[in-house]
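Going down the list, the protein sequences come from chains A and B. For the first sequence, the residue numbers in the UniProt record's numbering are 1 to 462. For the second sequence, the residue numbers in the UniProt record's numbering are 1 to 462.
No wet-lab data here; the hints were simulated from the structure. Everything numeric in this text was worked out from a predicted model, so none of it was measured. Mixed in with the good hints there might be a few duds.
A pair counts as met if it fits within one copy or between any two copies, since identical chains are not told apart.
[As the list claims (entries may be wrong)] The calculated DSS-like cross-link candidates involving lysine-lysine, where the alpha carbons are at most 25 Å apart (straight line), are: (1) K315 x K301; (2) K315 x K125; (3) K245 x K125; (4) K157 x K286; (5) K286 x K125; (6) K245 x K233; (7) K157 x K213; (8) K394 x K363; (9) K286 x K245; (10) K286 x K315; (11) K245 x K309; (12) K233 x K355; (13) K245 x K157; (14) K157 x K125.
2 protein chains.
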Amino acid sequence: MLAREVLQELIQVLGAENVLTEQEDLLTYAYDATAAMKHHKPDVVVSPLSTEQVAEVVKIAVRHNIPIYPRGSGTNLSGGTIPTKGGIVLSMLNLNKILEIDQDNLTATVQPGVIIQALNDEVLKLGLLYPPDPGTVTTATMGGSLSECSGGLRGLKYGVTKHYIMGLQIVLANGEVIRWGGKTVKNVTGYDLVALFTGAEGTLGIVTEIIVKLIPSPEARKSILAVFDDVDKAGKAIASIIRNKIIPATLEIMDNVTIQTVEHFVHAGLPLDAEAVLLIEVDGYKEVVEREAVLVEQILKDEQAVEVKIAKDDKERDLLWLARRSALPALAQKRPTTVLEDATVPRSKIPDMLKAIRRIADKHNLNIATFGHAGDGNLHPTILTDERDQDEMKRVHLAVDEIFQTAISLGGTLSGEHGIGIAKMKYLDWEFGEAGVAALRRIKEALDPNYLLNPGKIVRRD
Amino acid sequence: MLAREVLQELIQVLGAENVLTEQEDLLTYAYDATAAMKHHKPDVVVSPLSTEQVAEVVKIAVRHNIPIYPRGSGTNLSGGTIPTKGGIVLSMLNLNKILEIDQDNLTATVQPGVIIQALNDEVLKLGLLYPPDPGTVTTATMGGSLSECSGGLRGLKYGVTKHYIMGLQIVLANGEVIRWGGKTVKNVTGYDLVALFTGAEGTLGIVTEIIVKLIPSPEARKSILAVFDDVDKAGKAIASIIRNKIIPATLEIMDNVTIQTVEHFVHAGLPLDAEAVLLIEVDGYKEVVEREAVLVEQILKDEQAVEVKIAKDDKERDLLWLARRSALPALAQKRPTTVLEDATVPRSKIPDMLKAIRRIADKHNLNIATFGHAGDGNLHPTILTDERDQDEMKRVHLAVDEIFQTAISLGGTLSGEHGIGIAKMKYLDWEFGEAGVAALRRIKEALDPNYLLNPGKIVRRD
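All chains should be modelled from the sequences, with the hints used to inform the complete structure.
Rendered as structure tokens:
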């Protein structure tokens with residue numbers, strides 16, 4: 001419970017209408033999109049309307065030593081926005097203005113509450129594109145996706161969120177407001193704090209303004225479906241495409257469990273007996289797209305795809321991508337709880353990782369479907385389970401441990417795009433060792449010595 | 001002077017042949033490529049042969065509280081490698097192996113002493129490219145260019161060094177060895193320390209192994225020269241190219257002073273009376289290059305270029321780029337001292353910046369030539385002077401101050417690609433304010449509390 005004095009200070013800064021304390025309001029901020037996590041209600045939810053108000057809220061939090069949790073749409077998948085220690089949730093959804101689209105410098109300046117798709121709808125009118133493309137693009141905010149360094153379907157060719165963040169306005173843990181970076185393509189002034197705050201899950205500072213890079217929107221695209229009777233053949237096809245110097249915009253994989261589930265859900269014509277399908281999109285100038293599509297088709301045939309199909313029009317294309325984008329919702333309907341993981345390996349290790357996941361599923365008698373961004377090596381093993389079944393959940397946790405052990409042993413990482421949050425904190429020293437985790441902790445403490453900003457995420461107090 | 005004990009410890013770890021203490025040896029490590037900087041000899045220069053040896057040297061430095069300066073080829077331009085406080089220079093030139101080129105994952109793993117061009121010579125055999133392209137590409141090391149986050153001529157389309165660094169092995173200031181990042185395209189595990197160490201000028205840790213991203217080498221390219229009788233028209237042409245959704249690999253500018261000097265030096269056929277020339281290269285698939293070259297030519301004509309010339313063969317192309325690459329050496333011949341600055345603005349502000357530089361040159365009665373990466377907004381105002389002339393040097397310093405004030409007032413930054421080092425430290429609070437500089441200092445102290453790693457660079461002890 002917050003002291004009445006604190007509430008009054010918050011109301012004075014923000015107005016009563018932007019300070020929520022009713023239990024039913026607080027309840028909706030007690031969790032995020034991560035499955036099977038304990039809920040924690042905050043004491044208060046505030047919605048600032050300006051950077052100055054954010055700074056004032058931080059100063060109030062500092063004075064009273066209250067934790068503060070910046071939050072966008074709460075679509076994150078590692079428990080990163082759950083207010084585990086109570087305190088103030090800072091909802092950024094009212095800071096939702098696109099402040100500028102600068103066509104000469106190919107930048108957009110936005111507030112953190114802008115929805116990713118809303119930005120893309122605007123810039124597309126000018127023939128431009130903001131490439132980061134997480135599955136939640138229609139609901140996730142720019143601030144949230146920056147803080148998680150979201151990836152998505154276009155990472156292979158276009159990179160991820162961090163490759164598009166050029167400048168930030170930040171409220172530090174002491175309430176000071178700073179700007180880093182800007183509209184210049186090159187910037188090596190001081191340490192790269194723009195990069196440090198990107199993906200920091202709101203634990204180092206609060207982002208209140210974002211300058212992003214835009215690119216010309218590709219004028220053409222072609223989508224290709226390839227069906228394989230063997231996961232290894234699909235893996236070899238991926239390697240072969242890259243070795244032939246083709247970098248598709250998107251190169252996705254779905255395993256047999258996913259294919260079956262998705263096909264019953266959307267009827268896209270996926271072959272139910274396929275061991276794996278690859279979904280590939282090439283984009284760019286129309287001449288290039290034509291040439292690359294033909295090359296990709298030939299490579300897929302050479303690599304023993306059972307079937308290769310180039311979408312002949314937008315309708316066929318949209319159906320293919322509907323199938324891919326339906327993977328998660330389709331799988332989520334099969335059991336009450338969907339544990340969506342984020343194991344990431346060098347792309348050459350995709351077949352090894354897929355086979356390991358299959359072994360782990362069999363060993364623990366679990367239903368695991370796997371799909372994901374094969375071109376990135378970013379797989380989403382998805383465990384279909386029921387959190388009320390304690391015995392099964394024990395096996396789920398064991399399986400998750402083994403999945404991450406395997407990813408790291410294959411030269412991969414704990415998280416490609418979902419972040420560490422609470423969910424993966426316990427694995428951090430597997431990847432960095434104790435010395436590495438200690439270095440992260442020293443950086444946290446340099447910028448937030450009292451652990452007030454989203455405490456208990458990424459690194460805990462020692 | 002180092003205690004004899006310290007020297008003996010160093011010799012024990014590295015062997016006497018890798019520990020230099022002769023005055024004539026030390027002298028060559030007392031400066032870098034930055035003009036008009038005070039020289040400082042180190043006490044000893046050591047050349048480790050392994051990460052373990054680097055860690056041992058750091059531990060010796062910690063035990064005896066001795067500063068340590070990692071150094072590549074010393075081509076940097078902001079005084080970043082000058083051993084201002086004496087101590088140990090750690091030459092990385094013996095750690096010069098390309099450890100792996102991984103064609104499936106499009107990565108190379110290198111030691112920090114590998115020369116950039118040496119890496120590119122190897123990967124080009126496989127049809128691949130490491131895009132960062134600083135002017136010193138044939139002499140600078142991968143470790144040095146990583147630590148400065150070098151830019152160069154291809155920044156507009158391909159980005160700069162930081163966009164290609166995927167993983168690092170680092171020796172921390174306490175001698176611990178850590179790995180961050182790896183070969184995965186996506187990685188959001190913990191804070192982005194790969195990005196933090198990139199461009200940190202060796203002040204946060206010592207890089208001992210680097211994983212970089214490679215891309216397919218473009219199959220075709222075309223170079224275009226455009227001559228303008230007015231700087232504003234050149235500026236508008238730059239904006240117009242970008243607005244037409246063309247992102248050239250390279251988009252360079254030279255002003256009249258540079259043109260005249262370069263033309264007398266290389267006889268490339270540049271018009272002596274032009275106010276500005278643009279040098280543009282488009283690259284990629286051959287169909288795209290054809291199409292973009294035609295479009296660029298038309299845009300340049302529409303924007304009132306006096307002359308537009310597409311290089312018709314490699315010989316003509318090479319001559320154009322020889323002219324551009326000769327800008328600095330040609331200018332450097334005119335006066336004893338060449339102060340090469342690094343003012344960087346949003347690309348739409350290029351004409352404003354060029355005119356401001358001209359005003360500043362007139363005001364202080366100085367000879368300033370300007371050339372640079374117009375597509376990036378990254379200009380190199382180059383002051384031709386004589387460091388023995390104290391009166392002129394006073395005016396040089398005033399002019400440099402005004403150049404950076406102007407860059408910042410135009411939404412630019414202190415350094416696009418040369419770094420802060422010693423040379424620009426005094427300007428840092430113009431860009432970040434005191435609170436911002438304090439945040440940098442807290443990060444420095446989090447990772448190097450005793451200021452042993454390249455002390456006195458970027459941020460000073462408070």
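Verification of the supplied hints:
1. K315 x K301: within (24 Å within a copy, 41 Å between copies)
2. K315 x K125: within (22 Å within a copy, 42 Å between copies)
3. K245 x K125: Between copies only: 13 Å across chains, 31 Å inside a chain, cut-off 25 Å.
4. K157 x K286: Answer is both: 17 Å inside a copy and 19 Å across each meet the 25 Å cutoff.
5. K286 x K125: Close inside one copy (20 Å), not across copies (29 Å); limit 25 Å.
6. K245 x K233: within (19 Å within a copy, 38 Å between copies)
7. K157 x K213: Both: 15 Å inside a copy, 12 Å across copies.
8. K394 x K363: Within. Shortest intra-copy distance 13 Å satisfies the 25 Å Cα cut-off; inter-copy 76 Å does not.
9. K286 x K245: both (18 Å within a copy, 14 Å between copies)
10. K286 x K315: Close inside one copy (18 Å), not across copies (31 Å); limit 25 Å.
11. K245 x K309: Cα proximity of K245 and K309: one copy only (21 Å, versus 31 Å across).
12. K233 x K355: Classified as within: same-chain Cα gap 12 Å, cross-chain 60 Å, threshold 25 Å.
13. K245 x K157: Cα proximity of K245 and K157: in one copy and across copies (12 Å, 18 Å).
14. K157 x K125: Close inside one copy (22 Å) and across copies (22 Å); limit 25 Å.
Violation of the numbered hints given earlier is absent; every hint is satisfied by the structure.
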